[in-house]
Amino acid sequence: METTYKIPSEVVAAKVDHRPRPLGGPWITPVTTVLAILAVIGLYFILKRFIFGLGAVANINNGFPWGIWIAWDVVIGTGLACGGYVMALMTYILNRGEYHPLVRPALTASLFGYSLGGLSVLVDLGRWWNFWHILSPAYFHPDSVMFEVAMCIAIYIMVMWIEFTPAFLEKWGMRDAKAKLNKAMPYFIALGVLLPTMHQSSLGSLLVVYGYQIHGLWQTVMLPLLFLTSAIGFGFAMVIFEAAWASAGFKRDIRPELPMLAKIGKILMGVMAAYLILRLGDLIVGGRIGLVFTSGFLSLMFLIEMALFAVPLVILSKPANRKRLSKLFIAACSMIAAGALYRIDAFLVAYQTGPGWNYFPSVPEIMVTVGLVAIEILAYIVFVRFFPVLPGHSSAPVR
Amino acid sequence: MTINRRDFLCRAAAGTAAVSATAVLAPAPAEARGNLPIPEQAVGLLYDSTLCIGCKACMSACKEANQLGLEDNVGEKLWDTPLELSGKTYTVIKIYQHGTMAEKDKAENGFAHLKRQCLHCADPSCVSACPVNAMTKDGPLGIVEYDKDACIGCRYCVAACPFGVPQFQYDTPTPEIAKCQLCKHLLAEGRIPACAQSCPTGATLFGSYPALSAEIDRRKAMAPGAAATFPRRTVDSGDVHEKAAPQYVEHVYGQSEVGGTQVRYLSGVPFDKLGLPTGLPERSYSSVSETLQHTLYGYLAAPAVVLGGLVVAALRGARDHHDEE
Amino acid sequence: MLDDCQTTLETDVEARFGIQRRDFMKFCAALAATMGLPKGADAQIAAAITKKERPSVIWLHHQECTGCSESLLRSEHPTLEKLILDIISLDYHETLFAAAGHQAEAARLAAMEKNKGKYILVVEGAIPTKDGGIYCKIGGQTSLELTRQCAEHAAAIVAVGSCASWGGMPSTPPNPTGSAGVGEALGRKDIVTIPGCPPNPYNILATVVHFLTFGKLPALDDKGRPLFAYGRLIHENCERRAHFDAGRFALDFGDEGHRKGYCLYKLGCKGPETYANCPSILFNDVGTGSWPVGTGHPCIGCTEKGIGFAKPIHALAELQNQRPPAGYPRISEEQGTGATAGAAALVAGIAGVAVGAGAVLAKNLGKSEKSEDGQE
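Residue numbers (the numbering used here), protein chains in the order written: chain S, 1 to 399; chain H, 1 to 325; chain Y, 1 to 376.
Some hints could be false.
Calculated Cβ distances over 10 Å to all of chain H for the following chain Y residues [what the hints assert, rightly or not]: (1) K137; (2) R232; (3) V286; (4) S290; (5) A344; (6) V353; (7) A354.
Going by beta-carbon spacing under 8 Å, a handful of chain H positions derived as facing chain Y [unchecked claim]: (8) S60; (9) A61; (10) L83; (11) V92; (12) I93; (13) K94; (14) Y96; (15) L114; (16) S198; (17) P200; (18) H241; (19) E242.
Per the computed footprint, the stretches of chain Y lying under chain H, defined by three or more beta-carbons under 8 Å from a beta-carbon of chain H, are [said to hold, decoys possible]: (20) 241–255; (21) 306–316.
Since the hints were made in silico from the structure, they are not lab data.
All values derive from a computational prediction rather than experimental measurement.
Think of the CB as a built atom: it goes at the ideal place given N, C-alpha and C, for glycine as much as any other residue.
Model the full structure from these sequences, guided by the hints.
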């Protein structure tokens with residue numbers, strides 16, 4: 001059995017095999033260059049937005065006040081960044097130490113996912129200079145779902161940076177500071193599990209107050225549970241997804257991690273099954289199942305969602321498939337697509353505030369999202385090259 | 001390390017229970033929040049579509065009273081031509097048209113006007129939604145007020161409002177939410193909202209909530225076609241005019257929608273034709289949302305308990321590790 | 001030839017009406033314009049007016065105030081009344097007649113006999129119909145009898161003023177004398193009505209001159225009103241219409257809006273439901289603003305049956321004939337920006353790249369797995 005480690009920093013002391021190490025390698029590659037260009041384009045439009053207002057860049061309007069910057073960058077972005085959350089949950093709370101090597105890479109992706117989601121919120125907020133009100137008791141409004149989401153995400157981003165600090169301290173050789181931090185780490189880990197549980201479910205709760213404005217196939221008081229389940233699914237899927245890309249992108253040997261990924265695949269299967277049972281069960285119990293066939297375009301979107309959720313279930317139900325990264329990867333991609341579509345549908349497609357309103361993101365708006373994603377990936381690449389993130393067994397490329 | 005099966009299962013169970021506790025959805029009846037009532041001293045408006053002649057006096061008076069800019073989204077940008085409520089428009093007169101438009105207040109081959117504005121819900125979604133108390137309904141008059149100094153511009157109120165009322169300003173780097181606040185600055189001076197003050201027909205009538213209720217009952221009891229009087233400005237202004245009583249549809253819009261609104265509507269054509277969302281539940285969306293939210297979080301008490309459990313689990317994990325070393 | 005004509009006309013006009021030919025032609029042109037007649041009609045009118053034979057007119061008065069006659073006579077235009085009285089042969093008019101008593105009645109009967117089937121009957125005032133019409137008698141005859149007698153052989157009947165048109169002020173509920181308009185009292189529909197309290201003299205004159213010139217009455221609406229004068233709502237030509245459209249109203253007499261000349265709708269102006277040409281033709285030839293609304297008083301709807309003298313002056317008008325213009329936003333307005341070709345292509349491109357990259361990676365992973373399987 002693999003050694004169990006509870007705290008990311010202590011991985012340093014573990015067997016050389018899994019110890020995280022900086023990957024090293026060149027900084028300027030075709031991929032980083034393209035990403036940097038996209039990032040600059042995105043930053044240009046962000047600058048434009050701050051000078052001329054949101055309407056100068058985005059197509060969002062008073063019928064669709066939240067566009068892709070919220071639906072994609074925040075709602076889906078933080079969902080995709082749940083890898084760190086689920087791995088921390090598995091490893092530290094459920095004490096499944098064998099997953100430890102996957103924690104820090106997942107945490108890194110989460111860190112950037114959430115940080116960028118947070119930045120995206122700042123870009124999207126009309127009166128961004130008042131953002132601190134979220135954290136100021138003078139302005140607290142605990143009845144508001146948004147208050148809870150905003151506060152949890154803001155704190156979680158800080159918690160994740162603290163969780164990640166040992167990696168910096170290792171890099172800069174500050175062992176004393178690291179030892180002190182480690183003592184406090186369980187508290188941060190606990191927070192780091194609690195906060196995403198809260199706000200990932202609340203991302204769904206956000207829509208409850210919309211009432212009739214969300215189509216019946218999506219509107220339900222089960223939204224928080226559905227969003228939480230899909231977020232956990234996102235998390236496990238992203239761990240597989242990132243492992244697959246990291247192995248290809250950095251030419252790492254993935255085989256030592258494969259047994260863990262197989263187990264994750266199994267868990268993912270369970271999560272998907274739970275999600276589908278909840279989703280369909282709620283529609284049946286609520287008497288809204290008929291809407292599946294009578295809602296035109298929205299029926300189609302719903303069925304596509306269901307199909308995307310079902311694909312991983314079918315693939316992962318065969319143990320042989322779970323041992324193959326390619327199959328795991330396809331299942332993870334389908335889960336990610338399903339979860340993303342679910343959130344896009346719930347926030348944008350199934351949302352109708354009144355007749356006559358249209359929305360489709362503008363090119364500059366999309367470029368801002370693309371730019372932010374580019375920054376995220378770029379930062380991840382730079383980070384894993386510079387800081388000890390990925391398990392050390394892979395630092396020497398196989399080929 | 002070696003961890004025996006029993007230990008693992010125990011921890012797994014504890015951890016799972018702790019996490020899922022936050023996601024338990026069965027709402028405890030004791031915590032369920034009902035609709036907020038109409039405040040005792042609530043004031044409001046009655047908009048009677050059958051009296052409205054579409055003169056837009058309310059629109060121009062509103063712009064003047066609230067110092068709102070020109071909405072120039074049509075043609076040569078010479079006229080104030082709002083198509084809907086917007087960042088520069090708190091109220092707008094719209095038109096329903098059908099066929100030949102020969103008769104006013106008829107659904108078939110007729111036309112009718114509608115005044116769009118904030119309905120000042122008893123239990124507003126926007127207030128429930130606002131994370132920083134920028135939208136409030138704290139005053140005794142029950143006006144849904146907006147404080148730009150608190151606002152962070154998240155536009156959750158814009159999205160949450162079932163009537164699409166709060167409007168965000170997308171064309172400025174320092175945007176605000178634009179929304180009717182029932183001319184609270186004029187009320188403070190003992191005056192009445194500009195739209196009611198300027199309405200030549202009393203189609204927009206200001207009054208206390210009970211007085212407007214009585215006026216609604218009075219109008220509903222009129223025999224269509226019989227001579228009737230209609231007050232202007234306020235219910236008891238004494239400024240009345242005579243007119244044949246119209247044929248109203250049965251429903252009074254805003255009487256029960258999402259827990260009732262302080263601005264209510266009478267009309268001669270069905271309200272779905274006027275673009276108001278029909279079939280809204282009597283239970284406010286904010287009460288559903290807040291019941292759910294407080295069931296889950298109980299003002300952060302539940303999360304605090306769960307956090308305790310998680311800390312214990314994490315600490316135990318850390319200790320196990322040290323034991324092993 | 002033309003010169004001859006002009007010379008004749010000039011002498012005739014100067015001799016008969018005591019005005020310059022130039023002024024006379026201006027007057028004819030004004031009449032043609034009032035009726036909306038095409039170019040050249042002024043000459044026709046001039047020729048008709050200057051004809052030697054003037055039509056005989058019998059002018060009856062019933063329940064009225066003689067305001068219609070008075071306003072006609074007291075017109076500020078120096079020659080209007082002269083022209084009216086000179087282009088027609090006013091054979092009977094109770095106010096203007098020099099004769100009195102049996103003499104006058106005899107003159108009426110003589111004129112009627114002489115011009116049988118050719119004279120024009122003008123009626124001013126409502127006709128009481130209750131209790132055998134006893135509430136108004138002239139020369140021993142009730143109004144009803146008198147009117148019937150005169151109407152029988154009239155070439156045309158013109159009801160002047162609101163009272164004669166439908167009963168006007170005397171018919172205001174509860175209408176104790178059973179006052180009715182000429183048409184209603186006689187049970188006839190072929191009667192020209194020129195309502196107004198008083199009607200504009202130009203409308204009376206133009207109607208008569210139309211008959212003179214073309215030998216027939218002008219086109220009428222369903223209430224017998226000449227369309228040239230009563231075809232449009234006052235609201236449509238009102239000088240204060242811009243204020244209505246902008247939502248600027250006088251809310252009380254003497255308030256700021258009233259002093260600024262805002263729309264009088266709220267004060268009870270019946271312009272939106274009253275058909276008349278008051279705002280364009282004005283009164284008394286003294287220039288702009290010389291009509292009720294122009295002076296700041298709301299229109300009372302005196303040319304409109306059921307409005308004037310029936311609806312309270314402060315009551316609000318029902319907007320008529322209102323084809324709502326495009327100036328109102330519809331209930332559902334298309335707003336926001338849908339998918340542009342560029343944006344849709346960009347999204348499709350990104351999705352394509354993502355799917356493509358995923359597919360390539362999955363394929364490569366599959367390949368390497370196969371080769372590993374092979375090695376094992």
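**OP:** Would you assess whether Y:S290, listed as outside the interface, keeps its beta-carbon beyond 10 Å of every beta-carbon in chain H?
**Re:** holds (25 Å)
**OP:** Over 10 Å to the closest beta carbon of chain H is the bar; see if Y:A344 clears it.
**Re:** holds (22 Å)
Original post:
Does H:S60 pass the interface check with chain Y, least Cβ-Cβ distance below 8 Å?
Top reply: Cβ of H:S60 sits 4 Å from chain Y, so the hint holds.
Original post:
Should the label of Y:V353 as a non-interface residue stand, given a Cβ cut-off of 10 Å to chain H?
Top reply: holds (30 Å)
Original post:
Would you say Y:A354 is clear of chain H, with no C-beta pair closer than or equal to 10 Å?
Top reply: holds (28 Å)
Subject >> H:I93 as an interface hint toward chain Y, with CB separation required under 8 Å >> reply: holds (6 Å)
Original post:
Minimum Cβ distance from H:V92 to chain Y below 8 Å?
Top reply: holds (6 Å)
Original post:
Can we trust that Y:K137 is non-interface, i.e. its beta-carbon lies farther than 10 Å from all of chain H?
Top reply: holds (35 Å)
Subject >> Agreement of hint H:H241 with chain Y interface, Cβ distance less than 8 Å >> reply: holds (5 Å)
Original post:
Beyond 10 Å from every Cβ of chain H: is that where the Cβ of Y:R232 lies?
Top reply: holds (18 Å)
**OP:** Have a go at the H:L83 hint: is there a Cβ in chain Y nearer than 8 Å to its own Cβ?
**Re:** Holds. Min distance 4 Å.
Original post:
Does H:A61 meet its interface restraint, that is, does its C-beta lie within less than 8 Å of any C-beta in chain Y?
Top reply: This interface hint holds because 7 Å falls under the 8 Å limit.
Checked against the numbered hints above, the structure breaks none of them.
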